[in-house]
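Chemist: Take a look at the letters that make up each chain.
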Amino acid sequence: MEDLFVLVLRTFDAMLRVATPLIFCAMAGLFSERSGIVDIGLEGKMLAGAFAAGAIAAVTGNAWAALLVAVMVSMSLALVHGFASITHRGDQVISGVAINLSVAGLTVVLGNAWFRQGGQTPTLGAEARFMPITLPGVETIGAIPIFGTIYAESISGHSLLVYLALAAVPLTAWVVYKTRFGLRLRAVGENPAAVDTAGISVTWLRYRAVMICGALCGFAGTFLAIGQNASFVRDMSAGQGYIALAALIFGKWRPWTAFGACLIFGLLDAVAIRLQGVELPFIGEVPVQLIQALPYILTVVLLAGFIGRAVAPKAIGVPYVKER
Amino acid sequence: MTNTQGVFAKTAILGAAAAMALGLGAASAQDYSPAVVFDMGGKFDKSFNQGVYDGVERFKEETGVSYREFEVTNETQREQAVRRMAQRGADPVLGVGFAQADAIGKVAAEFPETRFSLIDGVVDAPNVQSIVFKEHEGSFLVGMLAAMKSETGKVGFVGGMDIPLIRKFACGFEQGAKYVNAGTEVIQNMTGSTPAAWNNPGRGGELAKAQFDRGVDVVYAAAGGTGVGVYQAAKDNGKFAIGVDSNQNYLQPGTMLTSMLKRVDVAAYNVFNDAQAGSWEPGFKVLGLAENGVGWALDEHNEDLITPEMKAAADRARDDIINGTITVHDYMSDNSCTY
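Protein chains in written order, with our numbering: chain H, 1 to 324; chain W, 1001 to 1339.
Hints should not be assumed to be uniformly reliable.
To be verified - Derived pair list, reagent style SDA-like, types lysine to any residue, alpha-carbon separation capped at 20 Å:
1) W:1149 to W:1185
2) W:1235 to H:125
3) W:1311 to W:1181
4) H:314 to H:197
5) W:1060 to W:1032
6) W:1235 to H:132
7) W:1235 to H:127
8) H:252 to H:177
9) W:1178 to H:278
10) H:178 to H:257
11) W:1235 to H:122
12) W:1235 to H:131
13) W:1235 to H:126
14) W:1235 to H:134
15) W:1235 to H:123
16) H:314 to H:207
17) W:1235 to H:133
18) W:1149 to W:1179
19) W:1235 to H:157
20) W:1060 to H:117
21) W:1235 to H:10
22) H:252 to H:173
23) W:1235 to H:61
24) H:252 to H:174
25) H:252 to H:308
26) W:1149 to W:1309
27) W:1060 to H:116
28) H:252 to H:175
29) W:1285 to W:1274
30) H:322 to H:194
31) W:1149 to W:1313
What the hints contain is simulated information worked out from the structure, not anything from laboratory work.
If we strip away everything but chain H, and leave its shape as in the complex, we get:
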């Protein structure tokens, strides 16, 4: 029984790790989409961030420098997206896809040119990564039954970036719902004309939103390259940016519900990994293929049956043209 409890907690532990890039990206997408800018480029920005983090960490050996550069690279891509879709009123989906594709190619080409390892960056030592940190008091609190075990097994022992992801959720909720900037952000996604009438620049507001989005994607990429793994590997984002976008829609463009959706995806993935090759009572061993399809099957079921209608911000995807 004790063992089973620990096993469940370790599954939650894995859930947090797997969900971290999703959480960062979902919060990133939330800022952008709430301001009315569709962002399908989460994937590309995260991948670019991962590459930047892996490369800088390999060269400087400093995880913080890597994080900083990753955030800057990802933000500059966000600005490209903003320039195309806000300033030039281009199609936001096309701009996002363009970013995804160019990053997928560029990271490999640059990686190959700089490090000559086929698009990978060199494997990093512990000092150049965000390693798991043990939270204070694990020894004393860990001794308490149940709560202590939860604290020691699931909550403690993650990379700093995991805790930052968890902190990003209340922070996002606070910014979006409790600050003046948040109010305007939501308004500009629903009715930019009204915001404009109030004398607030729609363009500047949307630029700030995509920049925040870029920064958060940079965190996600950093986690992939130097938190979860120890180097950048080509295409290492593996579609997680799209999953995060799905989680955002799943969560109806709200921080806490999107966070919940990310955790569900993370949990399904963690369970899928652990169910492999395990003999289940009455069923026997479940084929790998079915286990791997499980998260997606459940997503369809949940989307179809339980979530209800997700209403997007009204002005999403529509470039704002100031009337003369």
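For chain H, the structure is supplied; the task is to place chain W on it using the hints.
Modeler: Then chain W, alone, in the frame of chain H:
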């Protein structure tokens, strides 16, 4: 998503065209122009493809003959890549990986004058040489080492794509581990069921951690680039890992217990060398322990981890397998792991 992949494919094909144009320029000066088509995972996967790369690079260094190469990054490219090589007059064309069997088979029929070699797959044609390995024999030995090293009596296996070939590794490993101690528990996981599973270190690491949670303390990865994540997870958690195909001991010294060697480098080198010397022959080549086609790695990175008793036991088993006292079951012979 499909849309994105379509565009990816186009980008990759453009890249392929460029790569081949370059290859042509380099090779036109000489008559003998061998070619190699790497498979997904890429020539720097630190494992299977890289073994081939090392072999052909050695050939290039020794003879000064350059070769054409192509890295398949998408399933639809295999046949095109192989056909392109043949069209441009490359001979021999070396295909890497089981997945290229169909492509080689088709193209070999179209170019009966060109010599094709295929590593890890079997094509029955008069101008094709099929090279396969007895991975189960090598895996048996590292399975023994794993079981002898394990303190918990539980060892793990992380495979790449779920295919019979990888099950063959797993089956040999399991049999070796149980040969040492019948009570050894072997936990097996596959990364995925698509070729993307060869290049997903994040998932490999998660699979390894899940196995560690269940008590595993030695994990064997036969998963191409995904293995890098498995070894990293083993290092981060203070467990032991076993590499595959190439000697991967240097990747994480102190963590890598050993590597199951599959001498694809020698095989690739021999293909190019034999074809140049004129001693290349079509048909099947099966390389096992007796032919030194498989084995396990012992070098300065892991000599402290392997005790003399472990080495002696593995060497004894090696001799027994060669002289037939021990029969290691080949999963692919009947698609089941019974022994």
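Chemist: Now tell me, hint by hint, if it's right for this structure.
Modeler: Hint check:
no. : hint             : in the structure
1   : W:1149 to W:1185 : holds, 13 Å
2   : W:1235 to H:125  : holds, 11 Å
3   : W:1311 to W:1181 : holds, 16 Å
4   : H:314 to H:197   : holds, 17 Å
5   : W:1060 to W:1032 : holds, 12 Å
6   : W:1235 to H:132  : holds, 13 Å
7   : W:1235 to H:127  : holds, 14 Å
8   : H:252 to H:177   : holds, 15 Å
9   : W:1178 to H:278  : holds, 19 Å
10  : H:178 to H:257   : holds, 17 Å
11  : W:1235 to H:122  : holds, 16 Å
12  : W:1235 to H:131  : holds, 12 Å
13  : W:1235 to H:126  : holds, 10 Å
14  : W:1235 to H:134  : holds, 17 Å
15  : W:1235 to H:123  : holds, 12 Å
16  : H:314 to H:207   : holds, 18 Å
17  : W:1235 to H:133  : holds, 16 Å
18  : W:1149 to W:1179 : holds, 14 Å
19  : W:1235 to H:157  : holds, 15 Å
20  : W:1060 to H:117  : holds, 19 Å
21  : W:1235 to H:10   : holds, 18 Å
22  : H:252 to H:173   : holds, 13 Å
23  : W:1235 to H:61   : holds, 19 Å
24  : H:252 to H:174   : holds, 17 Å
25  : H:252 to H:308   : holds, 9 Å
26  : W:1149 to W:1309 : holds, 11 Å
27  : W:1060 to H:116  : holds, 18 Å
28  : H:252 to H:175   : holds, 17 Å
29  : W:1285 to W:1274 : holds, 13 Å
30  : H:322 to H:194   : holds, 11 Å
31  : W:1149 to W:1313 : holds, 12 Å
Going through the hint list in order, the structure satisfies each hint without exception.
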